[in-house]
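Please arrange chain D with the ligand on chain A, whose structure you already have, making use of the hints.
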Amino acid sequence: MSTQVKVKNRLSSTVQSLKPSGIRRFFDLAASMEGVISLGVGEPDFVTPWRMREASISSLERGHTAYTSNAGMLPLRVEIQKYLEERFSVSYHPETEILVTVGASEAIDIALRAILDPGDEVLVVEPCYVSYEPVIRLAGGVPVFLKTTMENQFKLTPQELESHITARTKAIIFCYPNNPTGGTMTAEEWKTLLPIIEKHDLMVISDEIYAELTYGRMHDSIAALPGMKDRTILISGFSKAFAMTGWRLGYVCASPDLLAGMLKIHQYTMLCAPTMAQMAALEALRHGRSDMERMIESYRQRRNYVVDGFRQIGLTCHEPDGAFYAFPSVASTGLSSSEFAEKLLMEEKVAVVPGDVFGESGQGHIRCSYATSIEQLKKALERMERLMGRMS
Amino acid sequence: MDRLKQRELLHLLEEDSRMSAEQIGKMIGEPTEVVEQTITALEAEKVIVKYPALVNWERVDDHPYVNAMIDVKVTPKRDVGFDEVAERICRFPEVKAVYLMSGASYDLSIILEGKTMKEVATFVSQKLSTLDSVVSTATHFILKRYKHDGIELEDRDEDHRMVVTP
Ligand SMILES: Cc1ncc(COP(=O)(O)O)c(C=O)c1O
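Taken in order, these protein sequences are the chains called A and D.
Sequence positions in the first sequence follow the UniProt record's numbering and run 1 to 392.
Sequence positions in the second sequence follow the UniProt record's numbering and run 1 to 166.
Be careful, since some hints might not be right.
Heads up, simulated DSSO-like pairs for lysine-lysine below, C-alpha to C-alpha not over 27 Å straight-line [to be verified]:
no., chain 1, residue 1, chain 2, residue 2
1, D, 96, D, 46
2, D, 5, D, 50
3, A, 379, D, 77
4, A, 19, A, 147
5, A, 343, A, 379
6, D, 5, A, 378
7, D, 50, A, 378
8, D, 50, D, 96
9, D, 118, D, 50
Since the hints were derived computationally from the structure, they do not count as laboratory data.
Chain A on its own, in the form it takes in the complex (with noise of 0.2 Å):
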């Protein structure tokens, strides 16, 4: 007698459901071509600074190999602590309010399990990252999409919010600097969404990995503002600013009756985040910050020599504030953001990503990320203004 699972059930039905991710299937196809310079990178180009690298090694000759407390190094944690209360005037207590994650990933996709109940509607500011769709399904979550324009510099705006929101709505969770917009919110534009957040009685899931990636300003935290503090889950990381992405490291930051829920499902699926990755964010916490500077610097350059070079090719683009990605309109030429990024990516050899990978707001827009060297920008350039030239 055969005691083989039935091939079709093996698979829940909510996995069974979600899409393949928009990115992967460009990846395959850019990955398969030789010659392809890729602006579709969304990590920095630059290897993570060698104090933070020298750091985890010696820990390594130390010997420190063994699990930390589940919530993280509390050296770490106090140092997140000092980080955040000077960088963003936010204050978490290392105790009881931060823990420590295996990347922000892992902290996005804890935070939704532990506040969601099957059927809690939860509002995801688009264009967004990719993940935050399947993770909230995961969670027994129901996305609900809030729009926004290049019109609007993608912010969110009031009434984009009010309209969505339902007696089911628990949540809402966006990431400002955004991946793929660029787009960034100013005080002064989250303080006109704090009386429906709390009339609605909505918690924040607030994604602020490229929060040191801001260009000619400070970026404000949404948990920073009177009042927020105690809806507010905020998620950050090590990966974009301090060039980490492969330590999967990061943290999440809320209220002692979240954080105690989080550390519950953080503690019986990952333990404890990586020890050798932790004492690298130590050091960089420490001594990392003007490497990072010096990345954000040379950031702001690009950032600046690629929108001025898709203005001059004809593509609208918006002045991105924050992040490192540039999401231009290729809306004059009559494609779609999928038709134009593949005929680029066949006849020029130039790989970005359809911005409807993204949501649905971010059709008839490209991410193109300025992660990588002013040359390869330059040619880049150069190509997409040949393929510009033979539509017009």
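Okay, now just chain D with the ligand, sitting in the frame of chain A:
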């Protein structure tokens, strides 16, 4: 152009002196002409001294080439101290750098470039050590250069990132 932008400009040129004024202008947010004028001014003020290419001669097979560092003890002269002998040493074309050192058992550190070891030896024995104020020399040959002027000369890693990521 303000001081801060001028500094940015200098950093960019130091990293890649072939970067065009137009490119720099776009990156720091200044018109091309302003960048051009600033560069001309900085050249005139001798803030920008030279636009060198950093060549890794070890990669150029048929280019015989040796580098030596020489510690030189000298007798300082009244009124001019070390300057006079240092200036004389500077004038030899094979001398690439001359530094007055503190905390060492010698006074001047010289970097010398020659085609062969013999050429370096001849320079030291016939030109350098015969100078009036030179008391003694110690010659160290450089066997391999790993890093020079802030640049690592070994192969840099390629971009290992995936072509497209979230
Ligand atoms: C908005 C956003 N959040 C989270 C992440 C994931 O970050 P981590 O590497 O810390 O998991 C990314 C990575 O692209 C991102 O763009």
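Status of the hints after comparison with the structure:
Using a Cα cut-off of 27 Å, the hinted pair residue 96 of chain D and residue 46 of chain D holds, with the two alpha carbons roughly 19 Å apart. Restraint check for residue 5 of chain D and residue 50 of chain D: the C-alpha separation of about 20 Å stays at or below 27 Å, so the hint holds. A C-alpha spacing of about 58 Å is found between residue 379 of chain A and residue 77 of chain D, which places the hinted pair above 27 Å, so the restraint is violated. Distance restraint check for residue 19 of chain A and residue 147 of chain A: the Cα-Cα separation of roughly 20 Å lies within the 27 Å cut-off, and the hinted pair is therefore satisfied.
Distance hint between residue 343 of chain A and residue 379 of chain A is fulfilled; the C-alpha atoms sit about 17 Å from each other, no more than 27 Å. Straight-line distance between C-alpha atoms of residue 5 of chain D and residue 378 of chain A comes to about 21 Å, which keeps the hinted pair within the 27 Å bound. At most 27 Å may separate the alpha-carbon atoms for a hinted pair to count; residue 50 of chain D and residue 378 of chain A meet this at roughly 25 Å. A C-alpha spacing of about 14 Å is found between residue 50 of chain D and residue 96 of chain D, which places the hinted pair at or below 27 Å, so the restraint holds.
In summary, the hint linking residue 118 of chain D to residue 50 of chain D is not supported, as the alpha carbons are separated by about 30 Å, beyond the 27 Å threshold.
Of the hints listed earlier, those the structure fails to meet are numbers 3, 9, in rising order.
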